[in-house]
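> So you can see what is in the structure, the chains are spelled out below.
Protein chains: 6
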Amino acid sequence: MAAKRIAILVDDLYEDLELWYPYYRLLEAGHQVDLIGSERDRAYTSKHHYPAKAVKSIAEVRPEDYDGVVIPGGYAPDRMRRDERMVRFVRQIHDQGKLVAAICHAGWMLVSADVLRGRRATSVRAIRDDMRNAGCEWVDEPVVVDGNLVTSRTPDDLPAYMKAILAKLGEA
Amino acid sequence: MAAKRIAILVDDLYEDLELWYPYYRLLEAGHQVDLIGSERDRAYTSKHHYPAKAVKSIAEVRPEDYDGVVIPGGYAPDRMRRDERMVRFVRQIHDQGKLVAAICHAGWMLVSADVLRGRRATSVRAIRDDMRNAGCEWVDEPVVVDGNLVTSRTPDDLPAYMKAILAKLGEA
Amino acid sequence: MAAKRIAILVDDLYEDLELWYPYYRLLEAGHQVDLIGSERDRAYTSKHHYPAKAVKSIAEVRPEDYDGVVIPGGYAPDRMRRDERMVRFVRQIHDQGKLVAAICHAGWMLVSADVLRGRRATSVRAIRDDMRNAGCEWVDEPVVVDGNLVTSRTPDDLPAYMKAILAKLGEA
Amino acid sequence: MAAKRIAILVDDLYEDLELWYPYYRLLEAGHQVDLIGSERDRAYTSKHHYPAKAVKSIAEVRPEDYDGVVIPGGYAPDRMRRDERMVRFVRQIHDQGKLVAAICHAGWMLVSADVLRGRRATSVRAIRDDMRNAGCEWVDEPVVVDGNLVTSRTPDDLPAYMKAILAKLGEA
Amino acid sequence: MAAKRIAILVDDLYEDLELWYPYYRLLEAGHQVDLIGSERDRAYTSKHHYPAKAVKSIAEVRPEDYDGVVIPGGYAPDRMRRDERMVRFVRQIHDQGKLVAAICHAGWMLVSADVLRGRRATSVRAIRDDMRNAGCEWVDEPVVVDGNLVTSRTPDDLPAYMKAILAKLGEA
Amino acid sequence: MAAKRIAILVDDLYEDLELWYPYYRLLEAGHQVDLIGSERDRAYTSKHHYPAKAVKSIAEVRPEDYDGVVIPGGYAPDRMRRDERMVRFVRQIHDQGKLVAAICHAGWMLVSADVLRGRRATSVRAIRDDMRNAGCEWVDEPVVVDGNLVTSRTPDDLPAYMKAILAKLGEA
Numbered sequence: 001m002a003a004k005r006i007a008i009l010v011d012d013l014y015e016d017l018e019l020w021y022p023y024y025r026l027l028e029a030g031h032q033v034d035l036i037g038s039e040r041d042r043a044y045t046s047k048h049h050y051p052a053k054a055v056k057s058i059a060e061v062r063p064e065d066y067d068g069v070v071i072p073g074g075y076a077p078d079r080m081r082r083d084e085r086m087v088r089f090v091r092q093i094h095d096q097g098k099l100v101a102a103i104c105h106a107g108w109m110l111v112s113a114d115v116l117r118g119r120r121a122t123s124v125r126a127i128r129d130d131m132r133n134a135g136c137e138w139v140d141e142p143v144v145v146d147g148n149l150v151t152s153r154t155p156d157d158l159p160a161y162m163k164a165i166l167a168k169l170g171e172a
Numbered sequence: 001m002a003a004k005r006i007a008i009l010v011d012d013l014y015e016d017l018e019l020w021y022p023y024y025r026l027l028e029a030g031h032q033v034d035l036i037g038s039e040r041d042r043a044y045t046s047k048h049h050y051p052a053k054a055v056k057s058i059a060e061v062r063p064e065d066y067d068g069v070v071i072p073g074g075y076a077p078d079r080m081r082r083d084e085r086m087v088r089f090v091r092q093i094h095d096q097g098k099l100v101a102a103i104c105h106a107g108w109m110l111v112s113a114d115v116l117r118g119r120r121a122t123s124v125r126a127i128r129d130d131m132r133n134a135g136c137e138w139v140d141e142p143v144v145v146d147g148n149l150v151t152s153r154t155p156d157d158l159p160a161y162m163k164a165i166l167a168k169l170g171e172a
Numbered sequence: 001m002a003a004k005r006i007a008i009l010v011d012d013l014y015e016d017l018e019l020w021y022p023y024y025r026l027l028e029a030g031h032q033v034d035l036i037g038s039e040r041d042r043a044y045t046s047k048h049h050y051p052a053k054a055v056k057s058i059a060e061v062r063p064e065d066y067d068g069v070v071i072p073g074g075y076a077p078d079r080m081r082r083d084e085r086m087v088r089f090v091r092q093i094h095d096q097g098k099l100v101a102a103i104c105h106a107g108w109m110l111v112s113a114d115v116l117r118g119r120r121a122t123s124v125r126a127i128r129d130d131m132r133n134a135g136c137e138w139v140d141e142p143v144v145v146d147g148n149l150v151t152s153r154t155p156d157d158l159p160a161y162m163k164a165i166l167a168k169l170g171e172a
Numbered sequence: 001m002a003a004k005r006i007a008i009l010v011d012d013l014y015e016d017l018e019l020w021y022p023y024y025r026l027l028e029a030g031h032q033v034d035l036i037g038s039e040r041d042r043a044y045t046s047k048h049h050y051p052a053k054a055v056k057s058i059a060e061v062r063p064e065d066y067d068g069v070v071i072p073g074g075y076a077p078d079r080m081r082r083d084e085r086m087v088r089f090v091r092q093i094h095d096q097g098k099l100v101a102a103i104c105h106a107g108w109m110l111v112s113a114d115v116l117r118g119r120r121a122t123s124v125r126a127i128r129d130d131m132r133n134a135g136c137e138w139v140d141e142p143v144v145v146d147g148n149l150v151t152s153r154t155p156d157d158l159p160a161y162m163k164a165i166l167a168k169l170g171e172a
Numbered sequence: 001m002a003a004k005r006i007a008i009l010v011d012d013l014y015e016d017l018e019l020w021y022p023y024y025r026l027l028e029a030g031h032q033v034d035l036i037g038s039e040r041d042r043a044y045t046s047k048h049h050y051p052a053k054a055v056k057s058i059a060e061v062r063p064e065d066y067d068g069v070v071i072p073g074g075y076a077p078d079r080m081r082r083d084e085r086m087v088r089f090v091r092q093i094h095d096q097g098k099l100v101a102a103i104c105h106a107g108w109m110l111v112s113a114d115v116l117r118g119r120r121a122t123s124v125r126a127i128r129d130d131m132r133n134a135g136c137e138w139v140d141e142p143v144v145v146d147g148n149l150v151t152s153r154t155p156d157d158l159p160a161y162m163k164a165i166l167a168k169l170g171e172a
Numbered sequence: 001m002a003a004k005r006i007a008i009l010v011d012d013l014y015e016d017l018e019l020w021y022p023y024y025r026l027l028e029a030g031h032q033v034d035l036i037g038s039e040r041d042r043a044y045t046s047k048h049h050y051p052a053k054a055v056k057s058i059a060e061v062r063p064e065d066y067d068g069v070v071i072p073g074g075y076a077p078d079r080m081r082r083d084e085r086m087v088r089f090v091r092q093i094h095d096q097g098k099l100v101a102a103i104c105h106a107g108w109m110l111v112s113a114d115v116l117r118g119r120r121a122t123s124v125r126a127i128r129d130d131m132r133n134a135g136c137e138w139v140d141e142p143v144v145v146d147g148n149l150v151t152s153r154t155p156d157d158l159p160a161y162m163k164a165i166l167a168k169l170g171e172a
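Chains as they are written, first to last, in full-length UniProt numbering: chain U, 1 to 172; chain Y, 1 to 172; chain V, 1 to 172; chain E, 1 to 172; chain C, 1 to 172; chain R, 1 to 172.
Relax, there's no trap hidden among the hints.
Pairs of lysine-lysine, BS3-like flavour, derived with a Cα cap of 27 Å:
1) 163/U with 53/U
2) 163/U with 53/C
3) 47/V with 47/E
Just so you know, these hints were derived from the structure itself, not from any lab.
Put together the whole structure using the sequences plus the hints.
Next up, the structure:
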């Protein structure tokens with residue numbers, strides 16, 4: 001399997017494990033991972049104040065440079081979606097048919113990127129109505145794979161989530 | 001003007017001023033106000049850990065007992081909307097034609113109560129897409145009054161928000 | 001009623017609602033409000049770490065430019081009174097016969113400005129002895145108006161406090 | 001030198017070192033020390049959340065059982081002085097001619113116990129006006145000894161403060 | 001590959017990712033994992049206050065019931081090693097020839113279990129001297145495998161660490 | 001008794017009282033004390049975030065300039081021992097036959113400075129094994145004096161610890 005280049009989006013209040021488990025897991029599998037924030041070299045902090053430094057800013061990356069994007073939950077997506085560049089990046093990755101993975105509240109980024117119409121997906125229960133209103137068939141399952149879209153509900157789904165993501169990267 | 005009975009919903013992570021400014025302001029105007037949470041007598045804490053004790057639980061209140069509901073923002077609405085009883089309470093107050101006021105992220109409760117179809121409303125910018133997907137015409141104004149629905153954007157809109165709420169209660 | 005120009009003093013450890021309720025309430029009533037600290041543009045934080053940015057420093061304001069001063073409680077007054085300029089500002093506003101309003105521990109500023117001799121006033125119970133020693137008749141009432149001096153006890157008195165302040169501004 | 005029995009008063013928000021330096025120093029000198037709070041066995045926390053467990057409640061101690069009282073600063077004295085039993089205990093120790101030591105904001109307890117009339121004393125600068133209004137000659141010195149009254153200004157005065165306290169206990 | 005039963009030890013101040021990455025990674029690989037603390041059902045908190053509930057207490061587990069033990073770093077090992085039952089559990093797992101994995105400050109548990117004599121191992125740099133004094137050849141490498149002993153240095157070694165652990169479990 | 005020059009080492013996470021009690025106690029006894037950190041003028045914070053500013057950096061001090069070194073516990077020693085200059089400073093003070101005092105987890109610095117072989121010493125129970133592996137006879141006593149080496153276990157030993165330190169400075 002060839003190494004892939006994966007973008008992980010970051011902002012303050014990200015859910016600790018929903019960022020770091022995918023981060024280290026992708027590295028363990030041999031992929032290349034970049035943490036991308038609104039500002040380069042800024043140390044964003046998780047819901048529990050665990051620091052995560054963005055190695056690149058959203059202003060300097062191009063969707064062409066990545067094979068997929070992985071979005072953590074927590075309340076970080078509530079912040080990310082206010083940045084049009086972040087939203088556009090996700091939409092473009094999606095439109096290029098590459099992996100778009102979102103767990104928990106990260107579904108809000110799928111809503112704002114408008115990539116849910118006619119899709120099957122899941123998320124944390126709290127944003128179910130937002131997901132449905134954005135046009136998806138919302139189901140209550142540990143992980144849902146619909147084409148290039150991989151979604152999960154909570155940290156406890158991380159093993160199933162990463163298995164699906166790695167399978168998707170392997171098949172690409 | 002006759003005193004009205006107003007319900008203010010509360011949960012952890014409420015935005016401090018979006019709860020307390022309406023609370024004291026309604027009292028100052030001579031109205032009766034109840035803080036209502038999922039549990040009675042529990043001290044919920046704001047984003048900045050300011051305590052707010054619920055005097056009643058959502059299980060023991062009836063929409064008939066109130067003349068309106070005021071919903072604070074912060075991330076409290078992300079929690080409230082997981083409680084079907086909270087959502088139903090807002091919908092019933094709305095369906096009875098009484099005041100429903102929501103500021104900032106409180107718009108999520110309007111989404112889940114499904115009271116936005118065909119309405120004009122505002123909210124914090126971050127949830128604009130969720131508001132639109134729920135069927136409203138979203139505008140960027142300090143306060144929007146559409147029938148019994150009063151919505152605002154952020155703490156800085158509190159003066160305009162409360163003026164509109166008090167006017168609405170006075171006209172009823 | 002003509003709009004008045006009101007100074008609200010701020011320092012770290014201010015009581016959250018005793019600053020922000022008067023702030024937004026005065027704006028709602030159509031007055032102009034300036035947050036004034038020992039340093040301009042510094043973000044002071046409340047007892048619960050709610051930020052409040054001073055738009056002007058005490059060094060650059062003149063009592064002539066204001067129609068009154070409102071002082072929040074918390075432990076901010078314990079800090080403010082160490083700054084002679086803050087104390088002098090309150091005394092001068094007072095000597096010009098303009099509104100001086102103090103709630104809770106803000107009474108300490110009245111003590112240091114020496115404006116309590118022969119007056120009737122209240123405060124949080126804890127500083128009652130300091131108030132009496134400064135020469136006032138201390139009473140346990142929600143709000144006490146004695147000439148241009150308006151005093152209250154705790155956040156729960158905010159509705160009565162602001163009613164009295166607004167009445168005072170309206171009569172001026 | 002005979003061992004003395006010393007009461008140290010405690011409440012939340014005590015200044016860490018102003019409690020613990022006297023505590024260990026008195027023990028090192030061979031004296032017996034009791035931490036006394038409004039509730040027995042409660043763990044009070046300092047300004048920095050350092051825990052201090054009260055071994056006795058103010059309800060169960062008698063001034064006759066102690067040779068002196070030492071009062072820490074921080075904002076603990078603002079709480080202690082609301083408890084009439086605490087204030088009375090200090091006044092009685094004083095009236096029995098025994099050691100009363102107060103540092104920093106602990107001067108507030110001397111104000112409320114009304115033991116400052118005609119005395120020479122110091123305190124943190126912030127409460128100078130309250131001390132003066134209570135009738136003392138306030139001076140800006142590291143430690144002031146006036147009969148059985150020992151007062152200091154801030155943590156940096158602790159060495160001079162404890163030297164004076166120990167000398168006072170030794171001469172008794 | 002058959003599923004293994006793995007014990008992960010937990011105590012307050014554990015390094016967040018050094019516990020949770022192995023936890024979810026082992027689950028993803030199909031193994032069974034138990035979090036074991038000094039008390040059952042207690043929620044221990046990480047250096048950043050991320051909660052981790054122990055499903056079993058050290059008092060109720062037997063080394064015979066597990067195929068290996070994984071020990072997180074942070075300052076949790078400084079607490080674990082005070083509990084003789086925790087130390088004995090690690091020594092017995094080791095003496096039964098099963099996997100013993102330790103990252104960062106978890107080396108302290110290997111020191112106290114006295115399983116380092118004559119072995120090759122690594123750890124966070126800070127405890128290098130303690131490791132050497134306990135008899136091991138200390139090297140500065142991302143992961144060191146010496147028989148049933150797997151050691152790593154810091155969170156950034158997690159991918160290499162887990163690869164080695166999974167390889168070891170697969171070969172058993 | 002002549003005044004001595006004492007170095008107190010500091011780093012983040014120092015145990016509050018294990019630094020400040022010796023600090024003020026040595027000053028009270030008439031000695032000169034310098035707080036020394038890896039960086040000059042940096043404010044290190046204790047386990048409870050009490051600030052302590054280093055007046056000198058380890059880079060600019062010479063063992064010849066001091067009559068002894070006192071090392072606080074907490075997790076600060078886990079940081080100090082990573083700095084070879086800190087470790088060397090302690091070893092040189094020791095080799096010059098001057099006072100070396102360590103309480104609680106400060107024993108780690110004695111381990112890394114390799115000054116424990118053949119000595120009698122104590123420490124917090126948690127690091128007993130590291131102390132023994134470094135060659136000392138570890139005993140469970142409030143304070144242990146072995147030549148120029150003075151060691152104690154926890155904050156509650158501070159009175160005995162300082163008595164022994166002061167006696168040692170007096171006899172030199």
